[in-house]
Amino acid sequence: MTAADAHRAILAVWRIEQPRLITSLARMLRDVPLAEELTQDTLLAALERWPATGVPEKPGAWLMLTAKRRALDHLRRGRMLERKHEIIALDMETEQQAMPDFDSVLDDDIGDELLRLIFTACHPLLSREARAALALRMICGLTTEEIARAFLLPDAAIAQRIVRAKRTLSESGLTYETPSGEELSKRLSSVLEVVYLIFNEGYTATRGHDWLRPQLCNEALRMGRVLASLAPHEPEVHGLLALMELNASRTAARTDAAGEPILMLDQNRALWDQLQIQRGIRALQRTRELSGTGGFYTLQAAIVACHAQAKTADDTDWSSIAGLYAELTMLVSSPIIELNRAVAVGMAEGPEAGLSIVDRLMREPALKGYHLLPSVRGDLLRKLGRCEEARAAFEAAAALADNRREHDLLRRRAAEAAGAPAPRRPL
Amino acid sequence: MRFMSIVTSAHSGPPTAELIEAMNKLADREIKAGRMLDMGGLTPVAMGAQVRIANGQLSVIDGPFVEAKEVIGGYAIMEFRNKEEAVASAVEFMQLHKDFMPGWEGTCEVRAFAGP
Numbered sequence: 001m002t003a004a005d006a007h008r009a010i011l012a013v014w015r016i017e018q019p020r021l022i023t024s025l026a027r028m029l030r031d032v033p034l035a036e037e038l039t040q041d042t043l044l045a046a047l048e049r050w051p052a053t054g055v056p057e058k059p060g061a062w063l064m065l066t067a068k069r070r071a072l073d074h075l076r077r078g079r080m081l082e083r084k085h086e087i088i089a090l091d092m093e094t095e096q097q098a099m100p101d102f103d104s105v106l107d108d109d110i111g112d113e114l115l116r117l118i119f120t121a122c123h124p125l126l127s128r129e130a131r132a133a134l135a136l137r138m139i140c141g142l143t144t145e146e147i148a149r150a151f152l153l154p155d156a157a158i159a160q161r162i163v164r165a166k167r168t169l170s171e172s173g174l175t176y177e178t179p180s181g182e183e184l185s186k187r188l189s190s191v192l193e194v195v196y197l198i199f200n201e202g203y204t205a206t207r208g209h210d211w212l213r214p215q216l217c218n219e220a221l222r223m224g225r226v227l228a229s230l231a232p233h234e235p236e237v238h239g240l241l242a243l244m245e246l247n248a249s250r251t252a253a254r255t256d257a258a259g260e261p262i263l264m265l266d267q268n269r270a271l272w273d274q275l276q277i278q279r280g281i282r283a284l285q286r287t288r289e290l291s292g293t294g295g296f297y298t299l300q301a302a303i304v305a306c307h308a309q310a311k312t313a314d315d316t317d318w319s320s321i322a323g324l325y326a327e328l329t330m331l332v333s334s335p336i337i338e339l340n341r342a343v344a345v346g347m348a349e350g351p352e353a354g355l356s357i358v359d360r361l362m363r364e365p366a367l368k369g370y371h372l373l374p375s376v377r378g379d380l381l382r383k384l385g386r387c388e389e390a391r392a393a394f395e396a397a398a399a400l401a402d403n404r405r406e407h408d409l410l411r412r413r414a415a416e417a418a419g420a421p422a423p424r425r426p427l
Numbered sequence: 428m429r430f431m432s433i434v435t436s437a438h439s440g441p442p443t444a445e446l447i448e449a450m451n452k453l454a455d456r457e458i459k460a461g462r463m464l465d466m467g468g469l470t471p472v473a474m475g476a477q478v479r480i481a482n483g484q485l486s487v488i489d490g491p492f493v494e495a496k497e498v499i500g501g502y503a504i505m506e507f508r509n510k511e512e513a514v515a516s517a518v519e520f521m522q523l524h525k526d527f528m529p530g531w532e533g534t535c536e537v538r539a540f541a542g543p
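Chains A and B are the protein sequences, given in the same order. Here the first sequence is numbered in the numbering used here, starting from 1 and rising by one per residue. Here the second sequence is numbered in the numbering used here, starting from 428 and rising by one per residue.
Hints may contain errors.
Calculated pairs, SDA-like style, for lysine to any residue (alpha carbon to alpha carbon, straight line, at most 20 Å) [stated by the list, open to error]:
| hint | chain 1 | residue 1 | chain 2 | residue 2 |
| --- | --- | --- | --- | --- |
| 1 | A | Lys58 | B | Leu464 |
| 2 | B | Lys525 | A | Pro56 |
| 3 | A | Lys383 | A | Asp359 |
| 4 | B | Lys459 | A | Ala231 |
| 5 | A | Lys58 | B | Val518 |
| 6 | B | Lys525 | B | Val514 |
Source of the hints: derived by calculation from the structure; they are not laboratory data.
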């Protein structure tokens with residue numbers, strides 16, 4: 001075994017225990033950034049010791065003992081420095097519960113602690129990017145290098161982001177607790193936003209090495225499943241999980257052999273992952289049982305579910321999709337969602353109905369430079385046989401498209417609409 | 428990466444109560460950690476059947492199978508970042524057998540799913 005192999009094997013063992021380590025230390029120390037630091041120290045200790053001694057028979061107990069010793073050392077040092085403070089009683093109590101019981105490693109239910117940790121790492125006080133980095137580090141146990149690679153950023157940038165985020169948490173004097181009542185839904189949406197950000201960073205990636213990106217989707221999915229088991233009564237948690245499972249189910253069908261993207265309606269549905277679709281549908285079912293089908297993520301998941309359950313593109317239930325987009329528009333007013341609704345209405349009720357929505361959107365300043373608006377319009381006009389107008393719309397769309405491949409595609413569609421042969425692609 | 432772990436053993440008896448309890452706790456933890464996608468134990472091989480092709484002949488054979496030595500007892504489908512994590516998890520799972528069912532011998536085979 002090479003040193004690199006040994007490193008990966010130790011990291012793998014540490015990661016199984018990492019959530020239990022960090023939550024135990026956070027409970028002892030009431031300080032999440034410090035708990036995270038000492039949990040990392042424990043990994044370093046294992047990397048130092050295990051190559052010589054071999055992985056212990058009960059690695060979890062070894063790691064926990066090492067972690068708790070470090071935390072106790074820390075508390076003792078603090079006590080020496082600030083003898084006057086009344087933390088001695090607390091320390092004695094902590095010390096009693098500090099030593100791990102070797103037989104009961106699996107008896108610890110860390111659920112509540114983990115939820116508290118997730119709420120802290122995803123605190124709305126932090127920027128979305130900082131929350132994402134911190135969540136990947138503290139909840140998924142990724143190293144700084146792995147996070148940097150996943151976001152295609154230099155290591156130093158991520159390290160800095162994490163240090164700053166941890167400092168913000170330390171200095172904010174936040175209480176380390178699970179929010180409740182009205183606060184809960186605000187804080188929960190801050191968590192879900194980060195998980196979805198991480199998922200999309202992996203899912204809609206167009207930059208960089210592809211093979212790194214599915215990892216982000218998988219980390220987000222894992223966090224989504226963790227949340228669904230920790231907060232099972234929150235419909236939007238299941239809604240987000242459903243949305244991610246259903247979108248991820250198409251991964252194998254999304255690109256051709258050359259890595260070129262394939263649009264959903266053109267994909268080979270035999271390549272969609274049925275196990276994952278079932279998991280998504282089940283999560284969506286949970287939102288119904290919880291009477292929470294009207295949420296932001298749940299509505300989007302329901303739309304994707306219509307696609308996932310259609311055996312062929314022609315079987316798609318467009319009128320349900322149009323209805324769901326209408327609900328979504330009422331929830332969050334967004335011209336892009338409205339444009340999507342126009343597409344669905346155009347499929348469900350005919351191009352005329354879709355066009356009337358698109359024409360209204362033409363006056364929307366937020367969509368002024370958005371190439372998909374004239375592109376959708378061109379499509380609808382073409383279906384109505386208004387070829388000259390369709391050509392002009394595709395030309396307008398091509399002029400707005402930044403991406404060369406999309407630009408060329410739109411030019412070809414313009415030429416097709418005009419009935420002329422497609423122009424040769426520029427070299 | 429999605430992995431399937433398949434446990435095979437020549438032991439035919441049921442697991443001890445202690446082992447079942449430990450395995451349930453581990454499974455519960457893995458579900459809560461978001462890694463476990465699906466799992467199951469299989470009924471004894473005597474209740475199964477084999478559909479076989481040999482020498483160009485297709486045949487259906489009902490259990491028990493005299494020649495079967497190690498048989499599949501159960502499986503789990505789990506999501507890991509890499510093979511090392513899948514192996515670490517299988518080691519932990521097998522350690523439970525060592526601790527809670529002394530004398531048991533068997534294999535946990537860890538295989539990655541083909542595909543993207």
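Evaluated hints:
For a cut-off of 20 Å, the pair hint linking A:Lys58 to B:Leu464 is broken: about 25 Å separates their Cα positions. With a C-alpha separation of about 14 Å, the suggested pair B:Lys525 and A:Pro56 falls inside the 20 Å cut-off, and the hint holds. With a C-alpha separation of about 15 Å, the suggested pairing of A:Lys383 with A:Asp359 holds against the 20 Å cut-off. Taking the CA atoms of B:Lys459 and A:Ala231, the gap is about 11 Å. The hint holds against a cut of 20 Å.
For the hint pairing A:Lys58 with B:Val518, the CA-to-CA distance comes to about 10 Å; that is within 20 Å, so the pair holds. For the hint pairing B:Lys525 with B:Val514, the CA-to-CA distance comes to about 16 Å; that is within 20 Å, so the pair holds.
Checked against the numbered hints given earlier, the structure breaks only hint 1 and satisfies all the rest.
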